Each structure stands twice: as structure tokens, then as C-alpha cells.
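**Q** Chain by chain, the residues:
There are 2 protein chains.
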Amino acid sequence: MFKYPQSILNLIDSFALLPGVGKKTAERYAFYVLNEMKQEEVEEFVKNLESVKNDVRHCSVCGNLAEDDLCPICQDTSRDHSIVMVVEQERDVLSMEKLDEYKGLYHVLNGAITFSKGISPQDLNIDSLIERVKKGDIKEVILATNATLEGETTARYIKELLVNFPDVRVSRIAYGLPVGQDLIYADQMTLLKALEGRREYK
Amino acid sequence: MFKYPQSILNLIDSFALLPGVGKKTAERYAFYVLNEMKQEEVEEFVKNLESVKNDVRHCSVCGNLAEDDLCPICQDTSRDHSIVMVVEQERDVLSMEKLDEYKGLYHVLNGAITFSKGISPQDLNIDSLIERVKKGDIKEVILATNATLEGETTARYIKELLVNFPDVRVSRIAYGLPVGQDLIYADQMTLLKALEGRREYK
Numbered sequence: 236m237f238k239y240p241q242s243i244l245n246l247i248d249s250f251a252l253l254p255g256v257g258k259k260t261a262e263r264y265a266f267y268v269l270n271e272m273k274q275e276e277v278e279e280f281v282k283n284l285e286s287v288k289n290d291v292r293h294c295s296v297c298g299n300l301a302e303d304d305l306c307p308i309c310q311d312t313s314r315d316h317s318i319v320m321v322v323e324q325e326r327d328v329l330s331m332e333k334l335d336e337y338k339g340l341y342h343v344l345n346g347a348i349t350f351s352k353g354i355s356p357q358d359l360n361i362d363s364l365i366e367r368v369k370k371g372d373i374k375e376v377i378l379a380t381n382a383t384l385e386g387e388t389t390a391r392y393i394k395e396l397l398v399n400f401p402d403v404r405v406s407r408i409a410y411g412l413p414v415g416q417d418l419i420y421a422d423q424m425t426l427l428k429a430l431e432g433r434r435e436y437k
Numbered sequence: 236m237f238k239y240p241q242s243i244l245n246l247i248d249s250f251a252l253l254p255g256v257g258k259k260t261a262e263r264y265a266f267y268v269l270n271e272m273k274q275e276e277v278e279e280f281v282k283n284l285e286s287v288k289n290d291v292r293h294c295s296v297c298g299n300l301a302e303d304d305l306c307p308i309c310q311d312t313s314r315d316h317s318i319v320m321v322v323e324q325e326r327d328v329l330s331m332e333k334l335d336e337y338k339g340l341y342h343v344l345n346g347a348i349t350f351s352k353g354i355s356p357q358d359l360n361i362d363s364l365i366e367r368v369k370k371g372d373i374k375e376v377i378l379a380t381n382a383t384l385e386g387e388t389t390a391r392y393i394k395e396l397l398v399n400f401p402d403v404r405v406s407r408i409a410y411g412l413p414v415g416q417d418l419i420y421a422d423q424m425t426l427l428k429a430l431e432g433r434r435e436y437k
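Here the protein sequences line up with chains B and S, keeping their order. Numbering of the first sequence is given in our numbering, commencing with residue 236 and proceeding in unit increments. Numbering of the second sequence is given in our numbering, commencing with residue 236 and proceeding in unit increments.
Chain B with its partners taken away, still in its complex shape (with noise of 0.2 angstroms):
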């Protein structure tokens, strides 16, 4: 029976790799590449594709996205540099700085702790968290995880490390969000209102 060329089917394949994509969705991207796409456009889309994994560094100290060792945010002097704010993602950090109201920094932690997909505290950055802390620089951590249960479970297995730092207040975010809503998606005002209602996560 007549098939594609092996090129193609590769393509499919690749591109079914990605989240949410099935083989239709990939077919469909495969040939608007192969018909539509410019050789330039391809051409950028190898470059692009190649620097982001090559290039792209994690900041030495919060875990989010930088081109040098600190990220901006790190770098930024005119931060509050007393106030960490514990995120999931990288992205989760962007829809923060959207709102332009929060001043202190950040920490990565790369996910959440996920018992059925076998993701531990180990496979995070908390012990990174836990160093930052015991500097002693830091006056409040703000656990802005996901109202999921992982975030929840998360938020609740940081707390319990920092009970061993009195002077440290810790706070969560508000619940403004519906309970299963990712960060990311958000609305600006719901973030708003979830940051200013945050409270002593006891």
C-alpha cells in the first residue's frame, strides 16, 4: 500500500511528541512545513529548536530562566531580596511579573510533588530552597503552588521543612483561583486578588 516518505512519517512522529498533539495534529503540522513553510522559516525553526536546548541556562540561585549565571530577577538590586516566592514553573514566574506588583524574588521549583507519576521532594528544588533560607537573609517565603493536590501537597511538605525556621513567616497564596486551575492560565485579576488575600499558612 502507498505510504508516506520516510522524512514525513519521522516528521509525524516528532512533532506527535509534543503535548496535546495526536497523528492527525502532527500529519497536518508535518505537511504545512512540507507545503507552506518557507526554507528560511525552516531554517529558523532548526536554529530555534537547537538553542533552546543548548543555550538556555537555569538561574544558579531560584532554578528560573537565565542567559547568565542569576537571572534578571536575582540580578535586580532594587528587589526585595527578603522575600521568596515558591512557584512550580518557569512560566508561572512570567504570569507573575505580568501583574507588575509583586517586588521580591523567586524560587523554581520544577514541578510538583506527583506520587502517581513517581516525581519525589528529591526530584525538586526544595533542598536549593532550604539553603536559601538558612542564610538567614530571608523574611517570608510565599508557597504560590497550584491549587491542585499536588500543589497543595507540595505547599504543605515545604511548610513542614520550614517549621524549623521561626523567624521565617510563610504564606500561601490566596485560593482566588478555581481549585484544579493551573497558574498559568489565570486571569491577571484573579491573580491579583489571590496575591493580596495570601495568609499565614499555618
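Among the hints, erroneous ones may be present.
Identical chains blur together in the list; that is why a pair holds if it fits in one copy or across any two.
As the list claims (entries may be wrong) - Result set (DSS-like, lysine-lysine): computed pairs, CA atoms no more than 25 angstroms apart in a straight line:
id	residue 1	residue 2
1	Lys288	Lys273
2	Lys258	Lys273
3	Lys288	Lys394
4	Lys238	Lys369
5	Lys273	Lys259
6	Lys273	Lys352
7	Lys338	Lys369
8	Lys258	Lys238
9	Lys338	Lys370
10	Lys238	Lys259
11	Lys374	Lys333
12	Lys238	Lys288
13	Lys238	Lys338
14	Lys259	Lys370
15	Lys374	Lys282
16	Lys338	Lys374
17	Lys394	Lys273
18	Lys352	Lys282
19	Lys238	Lys333
20	Lys394	Lys282
21	Lys238	Lys282
22	Lys394	Lys374
23	Lys394	Lys352
24	Lys258	Lys369
25	Lys259	Lys333
In short, the hints are calculated from the structure, not lab data. Because the structure is a prediction, the values reported are computed rather than measured.
Could you slot chain S onto chain B? The hints should help.
**A** Leaving out everything else, chain S in the frame of chain B:
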């Protein structure tokens, strides 16, 4: 304000070129590449993109996908070379071949006449179809463009050109599909009915 590193912004732009991919989805794909894809998978992806753009050829007779000068279907001497089915896209060939019912050849137009997008008959592989018919070996042309305004316009246009060849039977695939439906999304039974019910195109 904090922004993503430039290489991520660039990759988001590349993904956003794909059909039906908005900013949020492109961002999701880019972060998946950054955080979840293995180095080898990204290298594969890059290789496949380049290969599709550089190695895939079109059959010099019918315009279908090919790895040689002729596609496997045009090379197949067991098929009926006196019948040509005219389709809009390469993907339509695969949909039809999956039926394992049609044993003639194809002609891929590479689109349909779409005035709103400035796609005129000159932009499609229509001249090469007429050249094929002129050679005198073709007894039937089956017009299997989509059941859309554009597909119907294209079928009508080709029909008019073929009145100059009174010995060639011109048929139109039957309307088994709901009007407005693209051929590639049709289920096999609908496709089969449409093929069986083809009628003289007057």
C-alpha cells in the same frame, strides 16, 4: 519587566507559524521542548525538519509525494493508467489509498481555486493535468476535489477545460460527504460510498 530568554521567544514564534497554533499553545510546546524532551529527541526533530524540506520530492507526472522522480503509484504497472483521480492535496491520496479500492492513478492539484486568498488556476497543477490528457491514454478523469465551494469551483473549472476532449469521461466523486467537509477527515465508509456513487459530470 522580566522576559523569557530570546531563544525561547524565538522558538515560540516558530511554533506559532503552525496552523491553528496560538501564542499559549506555542509557549506550551516550547517549554515542553526545553524541559521534557530528551536531547536525542530534539536532535531527531531537527533532522526530520531538515529532511522533509530537503529530501521530499514531488512526482514529475502527478505531483504526489515521491522519493524518486516518479511516485510509487505512477511506477506501479499493475494499476490502471487510463484513469486519473484529481485531488487537492497529497494527503487525499493516502485517504483514498487506505480504501484499497481504487486502482487508477492520481493528479494532485496542490490546492483549490480560492479567490478570497488569491489562489487562481495558474497556481495549481492544472496545466500538467491537461498535458497528461492530451497524450491520449486517459479514458476517465475522476474529479475528487473537496465538497466545498473551492473544491466545487475547481472541479467545474477543470470540467470546462476537458470538454475539448470528448473521448474522456469526466466524473465527479459523489456527494456522500456533508457539504463543507474536507476529504481527509472523511471516514472510510463515506469515502467508499462517494467513490461508488460517482456520476457523469455535466
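**Q** If a hint holds in the structure, say so; if it doesn't, say that too.
**A** Quick rundown of the hints versus the structure:
In this homomeric assembly, Lys288 and Lys273 come within 25 angstroms of each other (Cα to Cα) both inside a single copy, at 23 angstroms, and across copies, at 9 angstroms. For the identical chains of this complex, Lys258 and Lys273 are neighbours both inside a copy (23 angstroms) and across copies (20 angstroms), given an alpha-carbon limit of 25 angstroms. In the homo-oligomer, the alpha carbons of Lys288 and Lys394 never lie at most 25 angstroms apart, since the shortest distance is 33 angstroms inside one protomer and 52 angstroms across protomers. In this assembly of identical chains, the alpha carbons of Lys238 and Lys369 never lie at most 25 angstroms apart, being 61 angstroms within a copy and 29 angstroms across copies at closest.
For a Cα distance limit of 25 angstroms, the shortest separation of Lys273 from Lys259 qualifies both inside one copy, at 22 angstroms, and across copies, at 23 angstroms. Within a single copy, Lys273 and Lys352 get their C-alpha atoms only as close as 40 angstroms, which misses the 25 angstroms cut-off; across copies the closest is 18 angstroms, which meets it. Taking CA atoms no more than 25 angstroms apart as the test, Lys338 paired with Lys369 passes inside one copy only; the shortest distance there is 21 angstroms, against 75 angstroms between copies. In this assembly of identical chains, the alpha carbons of Lys258 and Lys238 lie at most 25 angstroms apart only when taken from the same copy (15 angstroms versus 33 angstroms across copies).
Proximity of Lys338 and Lys370 under a CA criterion of 25 angstroms is satisfied intra-copy only: 20 angstroms inside one chain copy versus 76 angstroms between copies. For the homomeric pair Lys238 and Lys259, the shortest alpha-carbon distance inside one copy (15 angstroms) is at most 25 angstroms, but the shortest distance between copies (33 angstroms) is not. With identical chains, the CA atoms of Lys374 and Lys333 are at most 25 angstroms apart within one copy only, with a shortest distance of 24 angstroms there and 65 angstroms across copies. In this homomeric assembly, Lys238 and Lys288 come within 25 angstroms of each other (Cα to Cα) only across copies, at 18 angstroms, whereas the closest approach inside a single copy is 32 angstroms.
Taking CA atoms no more than 25 angstroms apart as the test, Lys238 paired with Lys338 passes between copies only; the shortest distance there is 15 angstroms, against 56 angstroms inside one copy. In the homo-oligomer, the alpha carbons of Lys259 and Lys370 never lie at most 25 angstroms apart, since the shortest distance is 52 angstroms inside one protomer and 37 angstroms across protomers. Taking the shortest Cα distances, Lys374 and Lys282 never come within 25 angstroms of each other, neither inside one copy (43 angstroms) nor across copies (49 angstroms). For the homomeric pair Lys338 and Lys374, the shortest alpha-carbon distance inside one copy (14 angstroms) is at most 25 angstroms, but the shortest distance between copies (76 angstroms) is not.
Neither within a single protomer nor between protomers do Lys394 and Lys273 lie at most 25 angstroms apart by alpha-carbon distance, with minima of 52 angstroms and 32 angstroms respectively. In this assembly of identical chains, Lys352 and Lys282 lie within 25 angstroms of each other by CA distance neither inside one copy nor across copies; the values are 32 angstroms within and 30 angstroms between. Taking the shortest alpha-carbon separations for Lys238 and Lys333, only the inter-copy value of 9 angstroms comes in at or below 25 angstroms, while the best intra-copy value is 48 angstroms. Taking the shortest Cα distances, Lys394 and Lys282 never come within 25 angstroms of each other, neither inside one copy (42 angstroms) nor across copies (46 angstroms).
Taking the shortest alpha-carbon separations for Lys238 and Lys282, only the inter-copy value of 20 angstroms comes in at or below 25 angstroms, while the best intra-copy value is 29 angstroms. Proximity of Lys394 to Lys374 under the C-alpha cut-off of 25 angstroms is restricted to the intra-copy arrangement: shortest distance 14 angstroms within a copy versus 79 angstroms between copies. In this homomeric assembly, Lys394 and Lys352 come within 25 angstroms of each other (Cα to Cα) only inside a single copy, at 22 angstroms, whereas the closest approach across copies is 58 angstroms. Taking the closest pair of Cα atoms, Lys258 and Lys369 never come within 25 angstroms of each other, the shortest separation being 49 angstroms inside a single copy and 39 angstroms across copies.
For a Cα distance limit of 25 angstroms, the shortest separation of Lys259 from Lys333 across copies, 15 angstroms, qualifies, whereas the shortest one inside one copy, 35 angstroms, does not.
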